[in-house]
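Trainee: Using the sequences and the hints, build the whole thing.
Spelled out, the chains give:
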Amino acid sequence: MVSPAIGLAFLPLVMTLLIRYRFYFVLFYRAVLVRVWRDCRTGLSREERAFQYVLTHATPGDPESILDAFDAWCSKVEFISNIGPKKGKILDRLLSEQSPLTVLELGAHCGYSTVRMARALPLGARLYSLEMDQKNAAIAEKVIRLAGFDDDIVELIVCPSDEVIPRLRSDYGLEKLDFVFMDHWKKCYLPDLQMLEGSGLLGKGSMILADNVLFPGAPNFLRHVRRCGLYEWRVHRATLEYSKGIRDGMAELIYQGTK
Amino acid sequence: MPKDHLITSENDREVDETRDGEPTVGRQRKRPRENKKEKKKEEGRERDRRVPRNAQQDVDLEERTAKERQRERKKDREEKVERVGGLEESKVNSKDIAAKSKKNLKNEKTRRKGRTDRDVEEGQAMHKQSKGCAKAEDNKQDTGKQTENKKVKKKRRKTVETSSEHESSEEDVDKEGEGEDEDKAEEEEVRQETLTPEELEKLKEAVDDRKKLIQALRGKPWPMKKKLTTLRESQEFLEKYEGALGKGKGRKLYAYKVMMNKKWMKFKRDFENFKTACIPWEMKIKEIESHFGSSVASYFIFLRWMYGINMILFGLTFGLVMVPEALMGRPYGSMPRKTVPRAEETGAMDFAVLWDFGGYAQYSVLFYGYYNSQRAIGWLKFRMPLSYFLVGVGTVAYSYMVVIRKMARNANETGGGDDNSFNFSWKTFTSWDYLIGNPETADNKFASITTSFKEAILEEQESRKDDNIHLTRFLRVLANFLVLCCLAGSGYLIYFVVRRSQKFALEGFENHTWWERNEVNMVMSLLGMFCPMLFDVISALENYHPRVALQWQLGRIFALFLGNLYTFIIALMDEINLKRKEEDVVQFNMTMWEASLSNETVSDNSTAPPMFTHPADVPRGPCWETMVGQEFVRLIISDTMTTYITLLIGDFLRAVLVRFLNYCWCWDLEAGFPSYSEFDVSGNVLGLIFNQGMIWMGAFYAPCLPALNVLRLHVSMYLQCWAVMCCNVPQERVFKASGSNNFYMAMLLVILFLSTLPAIYTIVTIPPSFDCGPFSGKARMFDVIQETLESDFPAWIGKVFSYASNPGLVLPFMLLMVLAIYYLQSTSKSYKESNVELKKKLQMQNEENKKKNKRAALKAAMELEEARKASSSRDTEQHHDAPHPHADTGDSRAGGNPGNPAPSPDCGGRSQTAKAPPSSARGRHANQGAPAGYLPAGVPKQRDTPPPRLQRVASGQRH
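Order-wise, the sequence lines are chains A and B.
For the first sequence, my numbering assigns the number 1 to the initial residue and increments by one for each residue that follows.
For the second sequence, my numbering assigns the number 1 to the initial residue and increments by one for each residue that follows.
Keep in mind that the hints were calculated from the coordinates and are not lab data.
Even glycine gets a Cβ: it sits at the ideal position worked out from N, Cα and C.
Be careful, since some hints might not be right.
A few chain B residues facing chain A, derived, Cβ under 7 Å [to be verified]:
1) 493
2) 522
3) 533
4) 534
Mentor: As structure tokens, then:
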């Protein structure tokens, strides 16, 4: 029988862990516990709840207000792993520097990042957005249309990324991708990147931006990027969306081509 | 030779010179033909070693200079031949063949040429042989150069036919063409043969110039690259020509001197290396320092220092107490105090008992109780009790001495320097840790410097706003409050546990589980482990600089450990009192028992009653001293175990998990949540300090403690070195810990004081046990001194001591000491003040000098302007009659100089504005430029006479 005093001696350890990793606990609470609880109570999915909020709080046709509404919901009510306002600024800056004409987005989710990118694109540019999940894609479609972007600017493809990427050239008539934004399953980062390399859609100067490379993290992806030597790369360090203490980063790769 | 690792300085090359320089010197003196071939081979080998440095560069240069020289030499060809003849004559005694007439000279020339051709071929053959071991790249370079050689040779053959008088110059040229590859030495020889005294003078001057340049190089305002190349070139030049100086016998002596000087330097360096190699763990610590910065290394240096002290303590106790008792004292089983009692005998050899230092371990030299109170033991008449007492006092005294001496030395090293007044310049110039040798750590350091700059700027802004200061103050107060709560909580927990264990002790330990028996130690270790982590987390609130934060952290952990230790000691005191009560009872029983024994003997009328009782059966007192010793030993053991287990679980296991689970985990373990651990400097340092405190406290009652500690420190040195290198990552904010060393020392001193306090208290106030230990039967432990004085020394010494211990003498003495301390303190204060004033004076002087220099520079600039005007006006006159090639060669030389591929802008600018400056520019280049570019024979007269004023002004401007 272990005496209670020894148990009490572990209290400082428990407190240390609680304090040190408080952001992770908060995240766990908001992203998992609250979500499960709300799912049970309302019977709607998280994305649907977010859309309802946006619908009631945003001005249709105004991307800014839609983004603001999303941000407000995600930081106050529940947690959805959108790109968030802080990292979004980095994305905006890169887009305005690059002004790409053909953009591919992997993982549209609720359409937050799609709207964010679409409003920063130059005239005549086209954004291909991939979403695997049917329900999410439906909501993303609604959000995109609500923001006032039509089919000419944004094309939503409802299909897993590993099926679509080999068909991009044949089915969608793409020659070269100027900008690729990755924000889908972290495990798919590496295979999709390799698929993109193999498909020949990346030309010299194409930029690939991968979100959440530090948390939840895509170590294999980063390792590949480091080793293959095809890219000029850097990691923008930031914090996880809607959370202060968890460090995260976006990897910016510029394709240099084989030498 | 580990030279590369240990000492790297610009002098390194000079060590190499001893190898190469010696034969060159020898070669120049005489050239017997018979030895020629062998020498050639040697030289070939030497050159092979030397070539890869900047071979390609030099070849280019040689070619260029060769062409140039060819042109120049055509002018004074005849003169040259004569000169060669003259030199040949002067060296008659040093050659086998005398060359006296011109005819002979010519013969000689042709012969020599043939020979050199042969030599060249041989050299090439040698090359082919040595290629086997040379690198592939070198091979490429060599072959390239050989083709060049062939070209040059063809050219030469043509010219040979045209005229034989061309030969001398032609030969020179050719040899320089081949120079770097094959015949550098040959070229030297030829050149030095052809030296006239004037040229020798010039060479000497050039060598002196180089020497001066090397000395003054550090102060030159040049980029590092240029400095390095210049240094290398100058050193090569010196290496080549230094041996050629001096004449006749003097030359030999000079060469010998130079050689000995170099040998001496090499010896000194080797000796230094040897000394470094003798310092234990030096390389290990250096490696850690390069990876983790000096703060982590400071811990290991401290650990090593502690190890040294403990070695000495161990030597004292082992040599003067344990070994004599074991060898000369009575053997085990001869007395009750040296025997395991009958009740414990059955389990005395069990591991569990031994692990708790009971059983046979308790009744051995390891503990106080085993020692006999016999005044002198063995044939040496070794005074055991006296020795025991003196060693106990001596270890403490020695520790005080060492710690205070070290503190004083550290205080001297950390000269004053305020951190607050020049914040940004301190940061700019001193923030880099030059001992870092690992790219990752360097990255971290870089990042930390940038962030510290950002923070400093922010702080500066905020300090002007000063509305946020309330928040930080509040946070700091809050953090301290939390820490205090934590301390109080842990103190209460320990108090609670100790009370409980006393209750258990009253009930008897046998009825309780292992957990309950070891509760006190466990709780203390766990609290000592986890509370610092909590403090660390709390201190994030305070937002201090890591160095300050480290000190706060150290202070807090110090308070925690001190609280724990003193709770422990108070509990021990209670236990001692209990034992003493028990002892009284036992003593009473003993007399009863003895009386009953004597009664029995009286009744039985037997002759020797004690013979029948085995020492194991004799009733004995509890012997509180051994109990205290045991407690300390147990504490040390459990502490060590906790440290090692935390190391293995917290660092190693975590690192392994993070490393290998990362392949199949859903987030990045290395960059994200668990990550690798950082080395905890403050916790480790304090662990060490408190460990030492416990040693000091317990060593009197358990002579084995220093030995245990030495063992522990030794193991932890290796284990922690390994753990740091294998499972820790450098801190995010690497910082220098130069100032905190004395902080450690101060803490150690406090702990030393605090730990000797209870030990002295017990020694002075509590009477020793009546039946165990070296002082049994005495009223107080220190009575042993009086006893010795009375019986072993003549009577007058005892008298002197009794007078000396008279309060009438002691009090004035104390007063005197206080006065002396006061006097010394006040003088040191006044010295400090005068130091500060001197510093101010120095600063003022510096400012004055700066102003003066500014004025001088302005003046120099004015003069330069004038000089420019004057020289340009003069040069326009000169320009008409001065030939073109003059400036031309100057430019080509400046371009061909490998030291500065692009001529410095001011000199280039001047060479355009005025025509004279090229010569001055060349003058400077010749001073610093390539060794191969120097031409003792072919320097035309105009070059050496630049307008003197101009050059002086230019140099003035430079400095």
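Trainee: All hints, please: hold or fail.
Mentor: Quick rundown of the hints versus the structure:
1. Because the closest C-beta pair between residue 493 of chain B and chain A is about 6 Å apart, less than 7 Å, the hint holds.
2. With a cut of 7 Å, the hint placing residue 522 of chain B at the interface with chain A holds, because the nearest CB-to-CB distance is about 5 Å.
3. A hinted interface residue such as residue 533 of chain B counts as satisfied when its beta carbon comes closer than 7 Å to some beta carbon of chain A; here the least separation is about 4 Å, so the hint holds.
4. At its closest, the beta carbon of residue 534 of chain B sits 4 Å from a beta carbon of chain A; the interface hint therefore holds under the 7 Å criterion.
The structure fails none of the hints (numbered hints given earlier).
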